[in-house]
Every structure is written in C-alpha cells, then in structure tokens.
Amino acid sequence: MTDLKTIVPISKKQKEQVSAATTACIDRAGVLFERKFPKLPVDFDLRGKCAGMYQVRAKQRRIRYNPWIFAKYYQESLANTVVHEVAHYIVDCMWGLRKVKPHGEEWRQTMIAMGAVPTVTGKYDLTGIPTRQYQRHAYHCNCRVHQLTLLRHNKIVSRAASYRCQFCHSDLKREG
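Heads up, this note's numbering is the position in the sequence shown plus 293, with the first residue counted as 1.
Keep in mind the hints are simulated off the structure, nothing from the lab. Ideal placement from N, C-alpha and C gives every residue a C-beta, glycine not left out. Where hints are given, some of them may not hold.
Unchecked claim - Label-pair restraints from in silico Cβ distances:
1. K466 to L419: 19 to 25 Å
2. L419 to T442: 17 to 23 Å
3. L419 to V349: 23 to 29 Å
4. C436 to K394: 41 to 47 Å
5. S304 to A453: 41 to 47 Å
6. K306 to Q402: 31 to 37 Å
7. V301 to P411: 29 to 35 Å
8. Y367 to A453: 38 to 44 Å
9. D336 to D464: 38 to 44 Å
10. L419 to K305: 22 to 28 Å
Take the sequences, apply the hints, and build the full model.
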C-alpha cells in the first residue's frame with residue numbers, strides 16, 4: 294500500500310502488467326470455455342469509487358480501470374478486479390448483456406470457473422484517491438430533508454419523474 298498522502302496513478306510499466314494480466318485472463322477463459330474470445334481495449338481512465346468497469350458503447354467493448362485504486366491496492370486489484378471485469382466480458386460474449394443480470398448466476402459461475410471468489414464490490418479506503426463530488430439539491434417531505442443528485446433533480450424539473458419519501462410516503466418538494 295502507498296503512503297496515503299501521495300497516491301499517484303500506476304506507472305506505465307504497471308499499466309502494461311495489468312493489460313497483460315487482462316489478456317491472460319481472457320485467454321484462460323478461452324481455454325476453460327473452449328472458445329476464442331477477442332482481445333479488447335484496456336483503458337486507465339476510470340475515476341471515483343470503482344476499481345474497474347466493463348463497458349459496451351455503440352457495440353464497442355472495453356475494460357476501464359481506475360489507476361489510483363490500482364496504485365493504492367495494486368496486488369489486490371490485479372488479483373480480483375481484473376478477473377471480475379473479464380468475467381463480465383465473458384458473460385457478455387456467451388449470453389449477451391440483455392439476457393442476464395450484471396452479477397447474476399452466469400457471472401458468478403464464470404467467476405468460480407475462473408478460480409475467483411464472486412464478490413460484487415471491493416471494500417477500499419479511498420483516502421488520497423480523487424473521487425468526483427456530485428452536486429446535490431435539497432428537497433423536503435413531511436418528515437425530513439433529502440439531498441437529491443443533479444440527475445434526479447433534473448428529472449423532477451423536466452417532469453420526467455417524481456419522488457416520494459420512503460418513510461412518510463409524501464412527495465418531495467424543492468427547498469426554498
């Protein structure tokens with residue numbers, strides 16, 4: 294683990310190691326499932342609380358990793374995050390994303406087949422790791438004040454959604 298005050302993203306050499314580990318994991322899955330899985334791009338542009346993400350956009354697949362979390366928890370991320378994200382990719386190739394839950398039975402079985410424990414999220418101390426701060430908007434109900442994200446606030450403003458308090462079940466109204 295790195296000094297908490299000096300978290301810097303992983304080095305170019307470490308990025309190459311993570312990319313190689315990702316490729317090796319995909320190759321291992323190919324042997325396990327007797328199928329050839331195409332290589333895919335690996336990027337180190339993820340920020341925030343997630344260590345990794347398998348992403349499909351406009352039929353383009355890629356795996357994104359958080360270089361700050363990898364820097365702070367390199368060995369753990371190399372052992373766990375890589376196989377976790379590759380398992381999402383393998384599930385997508387074998388069953389498609391629309392037919393399965395993100396961490397459903399197919400993903401769990403893929404993780405087990407690859408020799409990994411199917412845990413959904415890592416428990417990381419994010420001290421020293423840059424995380425995005427989201428703007429919040431105050432709304433109230435009959436019993437308390439709620440801090441809604443900008444996305445939910447915009448849905449209320451555009452009348453695309455309304456929200457109720459889960460405790461008193463009254464509609465949320467904008468503060469002020």
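| Is 22 to 28 Å a correct range for the gap between the Cβ atoms of L419 and K305? | holds, 24 Å
| query | Taking the beta carbons of K466 and L419, is their distance inside 19 to 25 Å? | reply | With a Cβ separation near 33 Å, K466 and L419 fall outside 19 to 25 Å, so the hint is violated.
| task | Note whether the CB distance of K306 and Q402 lies within 31 to 37 Å or breaks it. | result | Given range 31 to 37 Å: holds, Cβ gap about 34 Å.
| request: Using the Cβ atoms, figure out if D336 sits within 38 to 44 Å of D464. | output: Holds - the Cβ-Cβ distance for D336 and D464, about 42 Å, lies within 38 to 44 Å.
| Should the hint that L419 and T442 are 17 to 23 Å apart at their CB atoms be regarded as holding? | Distance hint for L419, T442 holds at roughly 19 Å.
| task | For V301 and P411, compare the CB-CB distance with the range 29 to 35 Å and indicate the outcome. | result | holds, 31 Å
| field | Outcome for the supplied range 38 to 44 Å, where the beta carbon pair is Y367 and A453 | value | Check passed, 42 Å falls within 38 to 44 Å.
| said: Given a hint of 23 to 29 Å, does the C-beta separation of L419 and V349 actually sit inside it? | reply: Holds, at about 26 Å.
| query | Within 41 to 47 Å or not, the Cβ separation of S304 and A453? | reply | Because 44 Å falls inside the window, the suggested range holds.
| query | C436 and K394, beta-carbon distance inside 41 to 47 Å? | reply | Since the Cβ atoms of C436 and K394 sit about 33 Å apart, the hinted range of 41 to 47 Å is violated.
Of the numbered hints stated above, those contradicted by the structure are hints 1 and 4, listed in ascending order.
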